[in-house]
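J.: Residue numbering for the sequence shown follows this note's numbering, starting at 283 and increasing by one per position.
Derived by calculation from the structure, the hints in this document are not laboratory data. Please note that the accuracy of each hint is not assured.
DEER-style ranges, computed between Cβ atoms [as the list claims (entries may be wrong)]:
(1) Ala451 - Ser418: 36 to 44 Å
(2) Gln437 - Pro479: 32 to 40 Å
(3) Pro479 - Tyr519: 15 to 23 Å
Bear in mind the structure is a predicted one, so any value in this text is a computation, not a measurement. Note that the Cβ used here is the ideal one computed from N, Cα and C, for glycine as well.
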Amino acid sequence: MNKAGFPKKPHNSYPLSGDDIPVALRDTNDAGSKIKVQPVVLIIGGLTGFLLLAVTSGFLFSLTTPKPTANSLATPISSTPVATNTPVSDNDTVLGHFPYSEAPASELSPITDDGRIRMRKAAAVKFQAMVQAARSAGVILVPISGFRSVEEQKQLFFGVSAQRNQTPAERAALSAPPNHSEHHTGYAVDIGDRTVPATNLQANFDNTKAYQWLQANAAKFSFELSFPKNNLQGVSYEPWHWRFVGDTDSLETFYKAKNIQPVKTP
């Protein structure tokens, strides 16, 4: 005891350290810190997880979603069936006549002694054989016109129509517009009867022996009437106009236009 009556401090004593804090007080402070930290961690972790889930879902969606193609964008949705194998349009005709290419000069052969009238070689051979067969039957077939160039057709169509004061529709009843004549092909021929030349290029040619013989025999030589009565092209009846359809090229040239109903002319 000192003079004041207080016990003396031990020699080995030191100031209180952290280990000298009472256990109850130390536990209470740690628990409070943990309670404050845990909600923040949970919130941050939840947001982070949500963001990762959203990014991952978007990436997977982009991989699995079909990408639009040029065809899918260009093709409209429609319940109406689209027609295929569309036939030749009426717009391909001019006044009821279909377009035809001009035969090359190297493919042409004369069918008259003077060489003025020509046809494609295959057609020329068959035509001359037909003329001989008709002559043997007492019928004289006369070729009036064979191959005509586009330039010749221009004069025939526009020049004659001007001389006769004809409209294009009126002229088309007797002659095709340029680039639309079967005569351009070298397969077509206008035929007359030598004994009745007045019927040349006339509807009453069908009253001649020549026409009657052709009706009965022309198919044997691969010739057919181009514009019979009430023909599908709407072209005026031409009993004198015949065409050769005896090889692949001639058949395709004319039959691609078969059974097509063009616009009727006035």
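J.: Now tell me, hint by hint, if it's right for this structure.
T.: Here is how each hint holds up against the structure:
1. Ala451 - Ser418: 36 to 44 Å: holds (42 Å)
2. Gln437 - Pro479: 32 to 40 Å: violated (23 Å)
3. Pro479 - Tyr519: 15 to 23 Å: Holds, at about 20 Å.
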